[in-house]
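Turn these sequences into a full structure, and let the hints guide you.
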Amino acid sequence: QAMGGMTKAVDSGWAKLKIEASAAEKQARIDSGKDVIVGVNKYKLKTQDAVEIREVDNVAVRDAQIAQLQRIRASRDSAAVQAALAALTEAARSNTGNLLDLSIQAVRARATVGEISDALEAVYGRHRADIQKVTGVYAAAYDSAEGWEKLQHEIADFAETAGRRPRVMIAKLGQDGHDRGAKVVATAFADLGYDVDMGPLFQTPEECARQAIENDVHAVGVSTLAAGHKTLVPAIIAELKKQGA
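The sequence shown begins at 688 in the working numbering and counts up by one.
Capping the alpha-carbon separation at 25 angstroms, the derived lysine-lysine pairs in DSS-like fashion look like this:
1. K837 to K820
2. K713 to K731
3. K705 to K695
4. K837 to K729
5. K703 to K713
6. K721 to K837
7. K703 to K820
8. K705 to K721
9. K928 to K917
10. K695 to K820
11. K731 to K721
12. K820 to K713
13. K820 to K705
14. K837 to K713
15. K733 to K721
16. K713 to K729
17. K929 to K917
18. K721 to K820
Here are the in silico distance ranges between beta carbons for each label pair:
19. L787 to F889: 18 to 26 angstroms
20. A925 to G784: 39 to 47 angstroms
21. S804 to V723: 43 to 51 angstroms
22. S709 to A689: 16 to 24 angstroms
23. S709 to R813: 26 to 34 angstroms
FYI, nobody ran anything at the bench for these hints, they're computed from the structure.
Quick caveat: nothing in here was measured; it's all calculated off a predicted structure.
Beta carbons are placed, not taken as given, at the ideal position from N, Cα and C, and that holds for glycine.
The following block contains the structure:
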């Protein structure tokens, strides 16, 4: 309430930071064994049954979707689409009209979601989340655990030898907006003594490679939950080589 309500708390990033701190604390308690999950960190089976995994050829899915979009664009009334998108942009600019109704009209004219988003972005811009890192939370769950302290000493030795601390970039690639796991990993690395760089959501391999090189990181960790790792990870490796990493 001191911030002026929940809307302002969300806008300032305070609420997001509290959620991330809670998530990091919970994961640390699981990883350290303080919170028991039967079958995960205690009382695990000696042998695990094989689990069938459905593999999706995301390249084929992408190609099929592109082909479908090309067919739609070739068969639709382009003038009607442009008129609908222009009406949407004008309504956003003048703060008049019903944006939902105008968006539905654009869809009925066969405008794509991307085109509708672009029509609104021309007025409102695109939201960019403020990247904040939580520190101290993950380490607290380990107290003075021998393994944790050993890792911290090894990282300190590396820093003394190399002249700087190890630096890692945690990247979010592809159309995946879930970053809880990536933030937890980043928190753990930071608490161990790493310098940690967080990439923004929805990075391309080219953008990720450029940020990694500019920040002179030792390693890049990729988090993607959108089943794109088979394409995106090889792409970022190729891009790092291309850019001289």
